[in-house]
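K.L.:
Sequence:
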Amino acid sequence: MKNKKMGCKKSNLLMMLPLAALAAFNVDAAENKKLGGVFAGFVDDSHADLSFRHVFKNLSTEDYGSRSNQTAWGQGITLDYQSGYINDMLGMDASYYGVVKLAASDDFWGRSVLYNDDGRAKGFNKLGQLYMKARLGDDDTYLRLYGGWQQIKKWGALNNSTRAIPSTYLGWRGETGSGPLRLRGAYVTRYSDRDSPDKVHFRTADKKQISQIATGELSYTQREYATRYFFGESHNYLQRHGLEVDWRPAMLADYRAVLGTQLYMNHGLQDWTSMSPSKKTFDRDAYHAALSVNWQAGRWKNKAGFSYTRAHLSQGLGRFEWHLAKLSRGTFNSMADSWGNDYVGNNEKMVAWTFGYAVTPEVEMGMVTNYGWGMKYQGRGIQRGETLMYSRWTPSAVKDLSLQLSGGPSWNYQSQNNRPKLTADGKPMRAQNHSIELQVDYKFNLF
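Residues -29 to -1, 1 to 418 in mature numbering (1 follows the signal peptide of the UniProt record, and there is no 0) are what the sequence shown spells out, letter by letter.
In short, the hints are calculated from the structure, not lab data.
Warning: the hint list may mix true and false statements.
Calculated lysine to aspartate or glutamate pairs in the EDC-like style (CA-CA distance at most 20 Å, straight line) [unchecked claim]:
| no. | residue 1 | residue 2 |
| --- | --- | --- |
| 1 | 297 | 59 |
| 2 | 250 | 195 |
| 3 | 250 | 15 |
Pair ranges (Cβ atoms, derived) [as the list claims (entries may be wrong)]:
| no. | residue 1 | residue 2 | range |
| --- | --- | --- | --- |
| 4 | 416 | 248 | 48 to 58 Å |
| 5 | 255 | 180 | 36 to 46 Å |
| 6 | 394 | 232 | 31 to 41 Å |
| 7 | 193 | 145 | 17 to 27 Å |
| 8 | 387 | 58 | 53 to 63 Å |
| 9 | 150 | 387 | 20 to 30 Å |
The C-beta atom is built at its ideal place from N, Cα and C for all residues, glycine as well.
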C-alpha cells in the first residue's frame, strides 16, 4: 500500500509539471519585454487551448457469436500547451487529458471510450504529452527533434488513434528535409491508449513484451504528385513496408482530383512465426494493395476505391494486420479500413464509395458504403459489407465547434480464434450489426 501511495504522489507531481510551466511563463507583455534575449520567444510564441470532445458510441454486433450491445458515453477534456522556442531552438509541449464517464453498458469496453477497470466503466485522467522539442533551419531546409510522451500521427509505420482523447507514445522522433525531400524516423518504447490512464509496454498477440518499435520514412512531394516509402519493425516480431503514391493531374484541377495507390507488406519475425495459429492473423507474409480516386464537383465530393488482400493462414482465415504490436497503432490509408468493417481478409476484394453533399456551407450529409468478397473458408465463400449515413454541422457563427452524427447497418461473419463459426451444414455464420455515433467538438484558445 505504501508503494502505491508513493506512486500516486509521483504521478500527481508529474501531472503538475505542465501547470507549473504555464504559471511560470504566463506573464503579461510588459514582463515579456524585460526577459528579452534568448527566452523571449519561448514566452511570446507560447499558447494554450482547452478542447472538449463529447462522444456517444453504440454498436449492436454478432461478430463473436451471441449479440453484444456495446455502449459508451463520455466527455473528453484536453488541455494543450505549446511553448515558443528558446533562442529559436528549444521548447516544450504538454497535454493533460481527462475523460468523464456519462453512461455505459456491460460491454462498454468494445467502444474504446471509457476505462475498463476489471469490468467496471470509469472515467480517468492523465498527463498524456510531455516532450521537449528542438529545431534548426527554416521552413525549406530543417532539422526537428522531439523526445518524451507525444502523439505520433502517420509517422512512418506508426500512427495514433482518437476517441474522446488521443493515444500517445514514449520515445523519440525526428525529421529533416530540404525542398521536396523529407526523411523521418521514430523510436518508441511505451504506449498509452485512448481509453486508459495506463502507460504500458508493447506486447505480442500472445502477450510477450516487446522492447521497442522503430520506423523510418522517405517522401518526395511536388505540385502534381507525392510519393512516400516507409519501413517499420517491432523488435523480433513484425516488419512492415509501405509505398504510397498520390497524383493530382493538372487536366483535372477543376475537380480537385487525386488518384492514389497504397501498397503494404508485412513479414513475421521469430516471435510472430512461433505463435499459435489461433493468435496469428497470417503465417509469415501478408500483402495489401489499394487504389482510390477523390474528386469534387459543385457541392458534391466523392471518393471511390478498390483493394485486394493476400494473408494466408494455414489453420484459419487470415487477415492483414497493420499494427506493429498489440497496444500500438499503425499507418494504413486504404479504404479497406472503413467505419464498420476492416476489409482485409485473405483473398478479399473490396469496392468502396464515400460521398458527401454540402446542403449549406455549414451542413454536409453523406454516405459510406463498402462491399467485400472473395474470402473462402473450407470451400465456402464469404461476403460482407456496410452502408452508413452521416451528417456534419460546422456553424460559422461559433468558431471551432462541430457536430457529427453517423450510423447504419453492416454485415460480417462470426468468428472465434481467427476462424469463422459455422452452421450445422458448414456455412459461415452471418453477423448482423448496427451502429450509431454522436461526436461534438469544441475548442477555446486560452492564450
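K.L.:
Under the constraints set out in the numbered hints, which ones does this structure not fulfil?
P.N.:
1, 2, 3, 5 and 9
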